[in-house]
Structure formats: C-alpha cells, structure tokens
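Chemist: What follows is each chain in one-letter form.
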Amino acid sequence: MVEAQMTQSEHAIHLEDVSVRYRVPSERIGTFKEYLIRWLKRQVQMRKFWALKGITMDVGRGEIFGIVGDNGAGKSTLLKVIARVLRPTKGRVVVSGNVAPLLELGAGFHPELTGQENIFLNGALLGFSRREMLDKFDQIVDFSELGEFINAPIRTYSSGMYARLGFSVATASNPDVLLIDEILGVGDETFQKKCEARISDYCRRGTSILLVSHNMATIEAICQRAAWLDHGEMKLMGEPGAVVDAYRHKER
Amino acid sequence: MSQTTIYDSAQLIPHALQELKEAVRYRHLLYQLVRRDILTRYKRSYLGVAWTMLNPLGMMLILSFVFSNIFGATRGYPAFILSGLIVWNFFSQSTTGAINSLVWGGGLLQRIYVPRASFGLSAVGSGVINLALAFVPLVIVMVATGTPLKITAVFAPISLLLFACFTLGLGLAISTLAVYFPDVVEMYQVILLAWMYLTPIIYPETVIPVKYQLLLHLNPMYYLVKLWRLPLYDGRWPTWGEFWPAAAIAIGMLLVGWFFFTSKSDEFAYRI
Numbered sequence: 001m002v003e004a005q006m007t008q009s010e011h012a013i014h015l016e017d018v019s020v021r022y023r024v025p026s027e028r029i030g031t032f033k034e035y036l037i038r039w040l041k042r043q044v045q046m047r048k049f050w051a052l053k054g055i056t057m058d059v060g061r062g063e064i065f066g067i068v069g070d071n072g073a074g075k076s077t078l079l080k081v082i083a084r085v086l087r088p089t090k091g092r093v094v095v096s097g098n099v100a101p102l103l104e105l106g107a108g109f110h111p112e113l114t115g116q117e118n119i120f121l122n123g124a125l126l127g128f129s130r131r132e133m134l135d136k137f138d139q140i141v142d143f144s145e146l147g148e149f150i151n152a153p154i155r156t157y158s159s160g161m162y163a164r165l166g167f168s169v170a171t172a173s174n175p176d177v178l179l180i181d182e183i184l185g186v187g188d189e190t191f192q193k194k195c196e197a198r199i200s201d202y203c204r205r206g207t208s209i210l211l212v213s214h215n216m217a218t219i220e221a222i223c224q225r226a227a228w229l230d231h232g233e234m235k236l237m238g239e240p241g242a243v244v245d246a247y248r249h250k251e252r
Numbered sequence: 253m254s255q256t257t258i259y260d261s262a263q264l265i266p267h268a269l270q271e272l273k274e275a276v277r278y279r280h281l282l283y284q285l286v287r288r289d290i291l292t293r294y295k296r297s298y299l300g301v302a303w304t305m306l307n308p309l310g311m312m313l314i315l316s317f318v319f320s321n322i323f324g325a326t327r328g329y330p331a332f333i334l335s336g337l338i339v340w341n342f343f344s345q346s347t348t349g350a351i352n353s354l355v356w357g358g359g360l361l362q363r364i365y366v367p368r369a370s371f372g373l374s375a376v377g378s379g380v381i382n383l384a385l386a387f388v389p390l391v392i393v394m395v396a397t398g399t400p401l402k403i404t405a406v407f408a409p410i411s412l413l414l415f416a417c418f419t420l421g422l423g424l425a426i427s428t429l430a431v432y433f434p435d436v437v438e439m440y441q442v443i444l445l446a447w448m449y450l451t452p453i454i455y456p457e458t459v460i461p462v463k464y465q466l467l468l469h470l471n472p473m474y475y476l477v478k479l480w481r482l483p484l485y486d487g488r489w490p491t492w493g494e495f496w497p498a499a500a501i502a503i504g505m506l507l508v509g510w511f512f513f514t515s516k517s518d519e520f521a522y523r524i
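Here the protein sequences come in this chain order: A and B. Note that the working numbering numbers the first sequence so that position 177 is 177, with each residue one more than the last. Note that the working numbering numbers the second sequence so that position 35 is 287, with each residue one more than the last.
Simulated from the structure, these hints should not be mistaken for lab results. Note that the coordinates shown come from a computational prediction; the quantities given were computed from them, not determined experimentally. Honestly, I wouldn't trust all of these hints.
[Said to hold, decoys possible] Quick list of in silico lysine-lysine cross-link-like pairs, DSSO-like style, CA-CA up to 30 Å:
id : chain 1 : residue 1 : chain 2 : residue 2
1  : A       : Lys53     : A       : Lys193
2  : B       : Lys516    : A       : Lys136
3  : B       : Lys273    : A       : Lys90
4  : B       : Lys516    : A       : Lys48
5  : A       : Lys136    : B       : Lys273
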C-alpha cells in the first residue's frame, strides 16, 4: 500500500508487466446459429496475438517520453491502454491525474450541431463537468480562432477549422498526462506554432507527455527519454539519441 | 476532475459498481448526449420537435380508424390507443437507440474512455423527454374523447420510472449481445413487432380468450403497460397486486441487464 502511494506521487504513468492480447476470429462468425453450431463442435477458432508483451515502464511528472517503432509494433495499443480505452489482459496500469488523449481530435463531434454546442458535447466526452466547460469556454473559442463561425453547424467547417476546435477543447484544461499519436498536423503553420507553445507551456507546469512519432528528429529534439517497441516488446528504453540510433540500425 | 483522479487497472472494485460510479461522475455527459439526441433528431425538418407529438397522433388516427369496428366498443378508444402507443414507442425507441448508439457509435469507445453505460442511459433519457412531449396530445385526445385525466395521473411518473428501469435493463442486455452478434439488431426489430401485437396496446385485454390468459400473464410487458394505463386511462389507483409484479420485473431486468453489460463492457473496445 505504501509502495503504491509512492509510485503515484513519483510517476504520472506506471506500467507493470502490461500485456494486451487481441483475439481475432479466424473467420467472421456473424450469426447465433453459426456460432452455436461451431461452439458445439468446439470450432470457434480464435487467432490470438499479443499486441503488447510484458511492458514495464514509468513516466515521470513533466517528462516528455517518446515512442518509436514500426507500424503494428503496438504503439497505439500502448496509448490506448494508458487512455483507459483498453483494459490490459495482464499486468497493471496506474495513471494519476486527468488524461487528455490527442489521439482523435474532435471525436464525437456532431456535424449538425454548432461549434459552441460541440464544445460542450466534446468536453463532456472528455470528462469535464459543466462548470469547468463554462469556465473554459471563452478561452477555447479564442484559441480556436473560429470567431463568428462558432455559431455555425460544424458540417460547414473546413477540416482545418475542425481540427483546430478539437485541439482547443482537448487541451483546454491543464491535463496531467497528454497522449499524442503522431505530431499534430493541425491547421496552418501559425496555428501549429501555437499548439507547440501550448504543449511546452503545459510541460513546464508539470504535464507529462507520451509522444508517438515516426519523425526521429522530433523524438531526439524534444523527448527526455524514449522507448523502441517491436512486435509488442520493449526493445530498448533510455536516452532518445541511443534509442533512435538503435532503431535506425535495425531498419538497415 | 479537479482533484487528482487515479486510474488503476488492478483496482478490485466489482465492474457493476465501478460503472455506476463512473456514470455518476460523467453525469454531465449524460445531459449532453440527451441534448444532442433531441437537438439533432429533427434538425432538418420544418416542424421540428412537433413531430414527437404528431407521430403518435397520426398512428392513433390510423389505428382507431382501422380497428374501430372491432374494438370500437372500448370507451374512448383513441385515448386508449394513444396512452398505450406513446409508452410502447418510448420502450421500442429507447432500446433500439441504446443498441444503435453502442454498435454504430462504438468507434468512440476505441478512441477515448467514457463510461459505456452512458449510451444506454442517454437513450432512455431521450426517450423520457420524447414521452413527456407526447403527453400533450394525449391530454388533448383524452379530453376530446370524454375520458379526462383524474388525480390518479400523479402515479404515472412512478409507472414510468419502472418502465424506464425495464427498458434500460433490456437495452443494455441486448446491446451487449449485439456487440458480439450484429444480427441481433435486425432480429430485435422483428421481435419488437411481434411483442407489440402480443401485448394489449391497441386492443383491450378483455378480447383475449380465457385459454390464452396464461400466455398474457407470462408477458412482462403486460404488467408494465397496465400499471401505466391504470392511473391515466382508467383513472384509478393501482392495487398492490397490480403494482408488485411490475416493480419486481422492472428492477429484476435492470439488475440482470446492468450486471451482464458491465461484466462484458471491458471487452467492447476489442470487439466493436
């Protein structure tokens, strides 16, 4: 118990021997009848595969942690386990504080609702209370640079406006943990600068960031530590330069 | 979320309790989802929310025209139909809504964490709002057909609460099945239609021959619809004997549905 409290205060994210197994049916069984027949014949065959195998790691408060690896290496699964979307098959995940998942900006936006209505809906999906949203509302509108468009239905938005609004809501409240899948291609260059400024600002205030990227330069430039995932296994964890080097060498 | 919330996947809280806790914490989401349903449902129609009232009215007109020769002797037959129809619509729309929002809107579950029961809860919440709106034409029709509301109508919210418990329980149970077997969605629509005609919605229970009475008493919907209609259409207080079967069925279904749903809900993101 004492140990658990220690981990909570020292680390924002704590993973202990975390494994995730997907069960993929070898063929799709869509009906009861089919399922029943096969079940009776003991033929419901599931191809099992481990997307994550025994991952143990900690991310400290205010740390920027990079993750590299090939497609299908388990990077997104790792983020999902931390974002609480998937419960690990084995092992333990402890996350302290509120998590802002920048995995899918504007998840749950409804095209027929106005920008304003969607801010409240999206905020609720991210777990904010009504009062928090009322407090943040003006700041969100400001940051998104949508101006008058905030009262128009979101189906009239350009994809840039859509992403800008999504980013503004997701990062409106100072999160303790920020999950980023691929560096954000949000809006034009000016807006991207603004996003980066906001992220580094949060970082100074103690937000931990888990960043998945294929851009090795970014990983080396901004991360304090990095890990290389390969087929669900942790190949190497440590100083970003070393991890990126090792990953590059493997590719050749 | 103002205080530090800690998520620990190894926490040993029963899933059913955990989900309840989270659903309460995300209550603002519930409000937002209901609001979205109501606002977007008629967004592109001119009459808007009025359709919630016009739809059962139209059904009532057609049914009372078609069946007036057969069941016309029933006192205030249009009011009888409408009182049953609106609560049946509540039931069928809410359960279908719970299934659809989980199965088709489930992409959301793979991206961010939300309490999974929120979708079922919000579907029932939207249903309650729609039912409240449909109450307006009901009162008008009742007055017009000479069966005005009595004081006993104050019991109707209790009947509705039990109806909502049953609806939520069944909606959660079937949406769990639908995650694993998509065919259930279609199957359920057929079952709903049969179920409606097996329940005294558009005909009075007195037309059912004595030898089929047993069948009627095996239908859980019979007790719930009756408990709803008694204070409204019949204008009398339900007896204890009429109350407890409905209450037991409703609460039983809610518990079964909730436990079944929450025991499987961690797998949904893997399956949808």
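Chemist: If a hint holds in the structure, say so; if it doesn't, say that too.
Modeler: Hints versus structure:
no. : hint                : verdict
1   : Lys53/A / Lys193/A  : violated (37 Å)
2   : Lys516/B / Lys136/A : violated (36 Å)
3   : Lys273/B / Lys90/A  : holds (24 Å)
4   : Lys516/B / Lys48/A  : holds (19 Å)
5   : Lys136/A / Lys273/B : holds (25 Å)
Violated hints, listed in ascending order, are 1, 2; each of the other numbered hints is respected by the structure.
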